[in-house]
Each structure stands twice: as structure tokens, then as C-alpha cells.
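Peer 1: Sequence:
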Amino acid sequence: MMVSGIMMLAKAQKAENWYRYYDAEKDTYGYKDAQGKIKISARFTGITPTPTFKNIIAVTEGRTNKSYYLLKNGQKVAKDSLYAWDMTYDCEQEGKIRFRDRVTDRVGFLDNNGKVVIPAVYNDARPFYNGLSLVIHNGKRICADGTPYKADLCEHWSWNGITALINNRGEIIADSVDITAIENLNWFSCKIVDSVADTTLYTSFKTKKGKYYTFINYQKEFTNWLYNQFLINLKSKALLLNCFDEIIVERVWKQTLRKTYSKAAFIREYGALLQKKMAAVKQGQVEVTIIKEELNAFTYSKQFKPFYTDCGEPNIARYPSFDVITSHYDGNHQLSYQEHFSFLKTGNGYKLIALALNPGYNSL
Numbered sequence: 001m002m003v004s005g006i007m008m009l010a011k012a013q014k015a016e017n018w019y020r021y022y023d024a025e026k027d028t029y030g031y032k033d034a035q036g037k038i039k040i041s042a043r044f045t046g047i048t049p050t051p052t053f054k055n056i057i058a059v060t061e062g063r064t065n066k067s068y069y070l071l072k073n074g075q076k077v078a079k080d081s082l083y084a085w086d087m088t089y090d091c092e093q094e095g096k097i098r099f100r101d102r103v104t105d106r107v108g109f110l111d112n113n114g115k116v117v118i119p120a121v122y123n124d125a126r127p128f129y130n131g132l133s134l135v136i137h138n139g140k141r142i143c144a145d146g147t148p149y150k151a152d153l154c155e156h157w158s159w160n161g162i163t164a165l166i167n168n169r170g171e172i173i174a175d176s177v178d179i180t181a182i183e184n185l186n187w188f189s190c191k192i193v194d195s196v197a198d199t200t201l202y203t204s205f206k207t208k209k210g211k212y213y214t215f216i217n218y219q220k221e222f223t224n225w226l227y228n229q230f231l232i233n234l235k236s237k238a239l240l241l242n243c244f245d246e247i248i249v250e251r252v253w254k255q256t257l258r259k260t261y262s263k264a265a266f267i268r269e270y271g272a273l274l275q276k277k278m279a280a281v282k283q284g285q286v287e288v289t290i291i292k293e294e295l296n297a298f299t300y301s302k303q304f305k306p307f308y309t310d311c312g313e314p315n316i317a318r319y320p321s322f323d324v325i326t327s328h329y330d331g332n333h334q335l336s337y338q339e340h341f342s343f344l345k346t347g348n349g350y351k352l353i354a355l356a357l358n359p360g361y362n363s364l
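In terms of our numbering, the sequence shown has 176 at position 176, counting the first letter as 1, and numbering is strictly consecutive.
Hints listed in this document are in silico derivations from the structure and should not be mistaken for laboratory results.
In this text the structure is predicted, and so the values were computed from the model without any measurement.
C-beta: ideal position from N, C-alpha, C; glycine also.
Treat the hints loosely; a few may be bogus.
Computed cross-link-like contacts, DSSO-like style, restricted to lysine-lysine with a CA-CA straight-line distance of at most 30 Å [as the list claims (entries may be wrong)]: (1) Lys259 <-> Lys276; (2) Lys305 <-> Lys237; (3) Lys37 <-> Lys76; (4) Lys220 <-> Lys206; (5) Lys79 <-> Lys32.
With beta-carbon atoms standing in for the labels, derived distance ranges [what the hints assert, rightly or not]: (6) Ile179 <-> Gln275: 36 to 42 Å; (7) Lys208 <-> Lys150: 32 to 38 Å; (8) Ser176 <-> Asn65: 37 to 43 Å; (9) Arg169 <-> Arg63: 38 to 44 Å; (10) Ile179 <-> Ala279: 34 to 40 Å; (11) Asn348 <-> Gly74: 38 to 44 Å; (12) Lys66 <-> Ala279: 58 to 64 Å.
All chains, please: the whole structure from these sequences, using the hints.
Peer 2: Structure (C-alpha cells):
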């Protein structure tokens with residue numbers, strides 16, 4: 001069944017979330033409601049099981065190996081049109097989920113009832129955040145080295161086309177968007193203004209109607225916070241306030257690479273060292289690089305669950321994390337080692353969540 005048939009399959013669905021459970025004996029997944037009642041027996045497998053079943057999910061049946069979008073009323077939609085990227089199927093975001101029409105090789109969006117709400121006219125699209133999505137149109141696949149795409153010769157590839165910003169109705173708001181300007185945006189800070197905002201903190205896109213959509217740039221925001229707030233006051237009390245409830249420290253102990261501390265215990269054990277390291281950053285004594293990172297579910301505990309999406313992925317749209325990397329060189333100007341200081345944006349601002357020390361560190 002092609003996507004055009006999806007329109008007849010949608011029915012109203014319950015808003016109650018269901019949650020994935022695992023059957024170890026069958027090595028399959030199913031879903032239960034919040035009270036623990038099984039709503040779908042464990043029969044799904046592979047890369048598809050989404051932790052939270054809101055309205056529509058992509059699944060693969062373990063017995064038949066068939067994949068499709070599933071509604072809570074049991075209907076299967078877009079059975080030949082699932083969207084997949086990097087061995088992962090799409091997950092519902094803001095009441096929409098992507099699909100790829102296999103005939104036209106174009107991407108569109110279904111709503112949470114399985115209806116086509118944005119036709120498949122784009123080469124590719126990102127999920128919606130705050131009612132906005134980035135799409136690529138008029139594009140072609142190219143290999144990582146820039147040569148034309150060939151399925152049997154090109155292991156890694158990307159789309160080379162025009163990037164645009166669309167709204168919930170699929171209307172292009174801003175076209176020919178600079179691809180380098182779209183990273184690290186706080187989509188939920190969007191403001192519509194008459195002129196370009198201060199570029200020290202914001203990124204702006206000129207719309208087709210002459211207005212500007214302006215967003216806080218997370219990396220600019222974090223860098224400003226780091227140098228103008230965090231590094232200004234390195235006293236123990238201030239450091240404590242700027243730490244997450246638990247801190248992970250990576251260094252070489254006898255048999256352990258990583259340990260977790262409460263923030264109070266961390267300040268007692270590492271506060272003086274952190275002050276010393278950050279003072280060197282403040283005074284420009286070390287080379288500093290700031291990069292965006294993602295939370296690793298295998299590293300961070302259940303305390304970090306609020307910073308993941310219902311899809312089980314780091315919620316970088318609301319809670320980005322950044323690594324402050326300091327590089328240290330020997331007398332011959334050769335890189336000797338690097339140290340990492342990891343920060344996460346939370347509901348109470350940026351907090352230190354981890355640091356990775358020089359492998360040769362023993363004491364102050």
C-alpha cells in the first residue's frame with residue numbers, strides 16, 4: 001500500500017501513553033499502560049521499539065520481520081513508507097512523524113492519527129521543534145568525498161540541496177538557509193522581529209515576507225555563560241551551585257576509569273583542582289575548544305532521564321551539552337594530553353556534569 005492510501009486509515013486515538021517492556025525469553029518488546037496492564041504483547045524486535053508509545057510508532061514484527069507504522073487502535077499505516085536514518089526509524093515529535101515515499105524518494109509528515117499532513121515533497125527533513133522543521137529540497141545524494149552517489153560504491157553519503165525552514169503547514173518560511181547557521185539553535189526561543197538580532201547571542205533567518213525569525217544560539221549562550229558567569233566566581237560555594245546533583249569523574253584509578261560523586265562530595269574531593277583548572281582557562285593559559293556533545297545513556301544515570309526525549313534520545317533541542325576541552329603541550333609544542341569538562345543545560349541553567357582528567361593525574 002502506498003502512502004496515498006493512508007488517508008482512509010486514521011481514527012481518533014487515546015492520549016494515554018504506553019510504555020515499552022521487554023520479554024527476555026522471547027527477546028521481543030511490547031507495550032504496557034501506566035498501570036502495568038499489557039496493551040500489546042511482546043512481539044516487536046530490532047531497532048524500532050520506541051520507549052514511549054504516544055500515538056504512532058514504527059515497529060518491526062519479530063516473527064514476520066515486517067515493518068510499519070502502528071496506531072493504538074491496531075491499524076497499520078504507511079507500511080511501505082517508513083522513514084529511517086542511521087539504522088533507526090523515526091519517532092513521533094510534536095504530533096508528527098516522518099515518512100518516505102518509496103516511489104518518489106521524497107519525505108513528508110504524518111500526523112499522530114496516521115494522516116498525511118505535509119506531502120512527501122522534500123529530499124529530507126528534520127523533526128519538528130516548536131512548530132518548525134528544517135528540510136532539504138532540490139537536492140541530490142553525494143558521497144562523503146563529494147563525488148556523485150552510487151549505492152554500491154558510497155558507504156557514507158549526504159544530501160546536497162537547498163535547506164529551508166517550514167512551518168506546521170509545510171509552508172516555506174525561509175529558503176536557502178545557510179547550513180552552517182542552523183546548528184545549536186534553541187528552537188523554543190523563536191521571535192519574529194523586523195531586523196537581524198545581536199549576533200553575539202542570536203542567529204536570524206530572513207523570511208520570505210521580509211521579517212526575521214530569531215533564535216538563541218546555544219553555543220554562543222553557553223560560551224557567554226562560561227566566560228562571563230562561571231569563570232567569574234570560582235569559589236567553592238559558587239562551584240557547588242554550578243554543579244549537577246551528581247558528577248562523573250574519569251581518570252585512571254587502579255581498577256576503575258570512572259567514578260560518580262554527589263556534588264558535595266565532588267567539591268570536597270576535586271573543588272580545589274577544578275578551581276585551578278578553570279583559573280587557567282580564565283587567564284588564557286591553556287588552549288580551549290568548545291564542542292557540542294550528546295548525553296550517553298551508558299554513562300549517565302537515571303537522574304539524567306528528564307534530559308532525554310520520549311524517543312529515548314538526548315533532548316538536544318531543549319537540553320544541549322557542551323565539552324570544554326583544554327589542550328596541553330610539551331616542551332616541543334607537541335600535544336601531550338587533553339582534559340574535558342562537560343556541562344549540561346538544565347531547567348536551572350548550565351551545570352557541570354563530568355570531567356575527564358589527565359591520565360597521569362594523581363594529586364594537586
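Peer 1: Confirm or reject each hint.
Peer 2: Okay, the hints, checked on the actual structure:
no.	hint	result
1	Lys259 <-> Lys276	21 Å, holds
2	Lys305 <-> Lys237	26 Å, holds
3	Lys37 <-> Lys76	22 Å, holds
4	Lys220 <-> Lys206	20 Å, holds
5	Lys79 <-> Lys32	23 Å, holds
6	Ile179 <-> Gln275: 36 to 42 Å	40 Å, holds
7	Lys208 <-> Lys150: 32 to 38 Å	36 Å, holds
8	Ser176 <-> Asn65: 37 to 43 Å	42 Å, holds
9	Arg169 <-> Arg63: 38 to 44 Å	40 Å, holds
10	Ile179 <-> Ala279: 34 to 40 Å	37 Å, holds
11	Asn348 <-> Gly74: 38 to 44 Å	42 Å, holds
12	Lys66 <-> Ala279: 58 to 64 Å	60 Å, holds
Checked against the numbered hints given earlier, this structure breaks none of them.
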